[in-house]
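So the sequences go chain by chain: A and B. As numbered in this note's numbering, residues 488 to 767 make up the first sequence, in order. As numbered in this note's numbering, residues -15 to 242 make up the second sequence, in order.
Incorrect hints may appear among the rest.
To be verified - Label-pair distances were calculated between CB atoms; the ranges are:
1. A/F708 x B/K190: 54 to 62 Å
2. A/F708 x B/F14: 41 to 49 Å
3. A/F522 x B/E78: 37 to 45 Å
4. A/V534 x B/R107: 23 to 31 Å
5. B/R107 x A/L699: 42 to 50 Å
6. B/S97 x A/G684: 52 to 60 Å
7. B/S232 x A/P544: 50 to 58 Å
8. B/E75 x A/F701: 52 to 60 Å
9. B/S39 x A/N730: 14 to 22 Å
10. A/F522 x B/F14: 21 to 29 Å
Bear in mind the hints are in silico, worked out from the structure with no lab data behind them. Note that beta-carbon positions come from the ideal geometry of N, C-alpha and C, so glycine has one too.
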Amino acid sequence: MGKSVLKPLPNKIRRAEIPDDNISRTVSDSVFKKFFLEVSCITTFTVRFFKEFIKPPYEINELMKQSFLIGYRSLPLVAITGFIIGLVLTIQSRPTLVKFGAVSLLPAMVAVSIIREIGPAITALIFAGKVGSGIGAELASMNVSEQIDAMQVSGTNPFKYLVVTRVLSATLMLPVLVVFADAIGLVGSYVGINLKGNVSAYLFFSQIFQSLEFKDLLPAFIKTFFFGFAIGIIGSYKGYYSNKGTEGVGKAANSAVVLASLTVFLIDLIAVQITSLFQY
Amino acid sequence: MTANTNLTKTDDDTPSGCAVVEMRHLKKSFGNNEVLRDINLVINKGENLVVLGKSGTGKSVLIKCIVGLVEIDGGKLIILGQDVSGLTENELIEIHKKIGFLFQSGALYDSMSVRENLEFPLRRQLHLMSKEKMGLLVKEALQDVGLDESIDMKPSELSGGMRKRLGLARTLILRPEIMLYDEPTTGLDPITSKEISSLILEVQKKYNTSSIIITHDIECARLTANRIIVIKDGICAAEGSYADLEKSDDVWVRSFFE
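With the rest of the complex left out, here is chain A:
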């Protein structure tokens, strides 16, 4: 190894510039600081959402428009994904169940998997990618082109008009999309079963309904409202407070997807823990 070209700092300077800390501690401090600052900002943003949500006037027309754009326009993507998930899950599970002589349980197993976990989680992730990034990019580009300022100047509360409507639409539309994706996923599973067997639709679906219980449906449905809310809030927050410039738009869209997806998993983890408290 060659001789280092860096001369050691005199003790006096080293003490003055790097007090008791080492560099890694300083870096981790700043990461923690950033993390807690971000959490605090999102919390403040969420509190503001509830304040503005309660206060009249209510932007019903914009809410309907956003629900159409967020919900209806996501249907094809959610349908295709749901169908493929149902189909693939059935095809992949079949050999294992055959090995244990439990192939007759395939419809029930797939249905419980889709409705309790895979349907809500996968749909929420797709929703985060499509809607979360869309909201982030749209609000960020409005911010960059001064449209949000223009709205404020023209006597409109931009937070209420842009953020509250989008967050509400995301909260209300995701559960609908999840129910739709679950149904399409079961159809995909039925197709998957019939690729290597011959099961009637009546038998397939009656077995599914016999195996499903209320405790499978309700927690899975309730958590989708939280998923939708988190995706809406994070997308809106990232867009509304984006940096100026085109770089800010890209960053807002990207960070909205990453943070929303991570939050979906965190909520899912918490939801599973809470559900297990009541079920076992």
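With chain A held as given, fit chain B onto it using these hints.
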């Protein structure tokens, strides 16, 4: 009213002397950066005031303070005779309704058509719902800026000059008493810039508005200004008519006009 490039100011345009906006020792900082240190300024009824200054000297911040987009740190801001620091949120909204703001980029709503861009402030501020009445106002505003042919187009289909005009129409449709222009001719060719400058003058004449025009375009300043102020280091460094400042003893001030 359409853009008449031959329109110039006359001595009759001299303001009446009644203040619509008054700033006393106005201060605004961003962190350690003291952008506005001590701004003292009066804008009279019917007057076009042009603000000159280097980039980053706080010219845009100055007009954003007036419209409430930026909160002031100190001093007094009096708009239409009312000190804004003592006003409630609703009173502030009422004051801001009387102020129009033309953004540098036009700030048009991309997802809406030209018609919807103009209907938006009517619905939000005047709570107008009658399609007939809105249609008439939209038509008149578009005629004012010579854009009546583009009513069903999207902002993305308009040229830079047309976007500025549409931005102006959207502001004028609410008949503001005070107009704030943030670099209205930036990024436009000399002919379109002259058209926009002429429109600013026509707006002043037709609606008797008082305007603050932030610009780097000295031709725009020459055409539109009743009075000019030059901002330097957060204070009003010079004030006067175009002719006065053009012959200023201060080399720095004179350099704007060369």
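Evaluation of the provided hints:
1. A/F708 x B/K190: 54 to 62 Å: 60 Å Cβ-Cβ, so the 54 to 62 Å window holds.
2. A/F708 x B/F14: 41 to 49 Å: holds (47 Å)
3. A/F522 x B/E78: 37 to 45 Å: Cβ of A/F522 to Cβ of B/E78: about 42 Å, so the range 37 to 45 Å holds.
4. A/V534 x B/R107: 23 to 31 Å: holds (29 Å)
5. B/R107 x A/L699: 42 to 50 Å: Since the Cβ atoms of B/R107 and A/L699 sit about 48 Å apart, the hinted range of 42 to 50 Å holds.
6. B/S97 x A/G684: 52 to 60 Å: holds (55 Å)
7. B/S232 x A/P544: 50 to 58 Å: holds (52 Å)
8. B/E75 x A/F701: 52 to 60 Å: For B/E75 and A/F701 the Cβ distance comes to about 54 Å; the hint holds.
9. B/S39 x A/N730: 14 to 22 Å: holds (19 Å)
10. A/F522 x B/F14: 21 to 29 Å: holds (25 Å)
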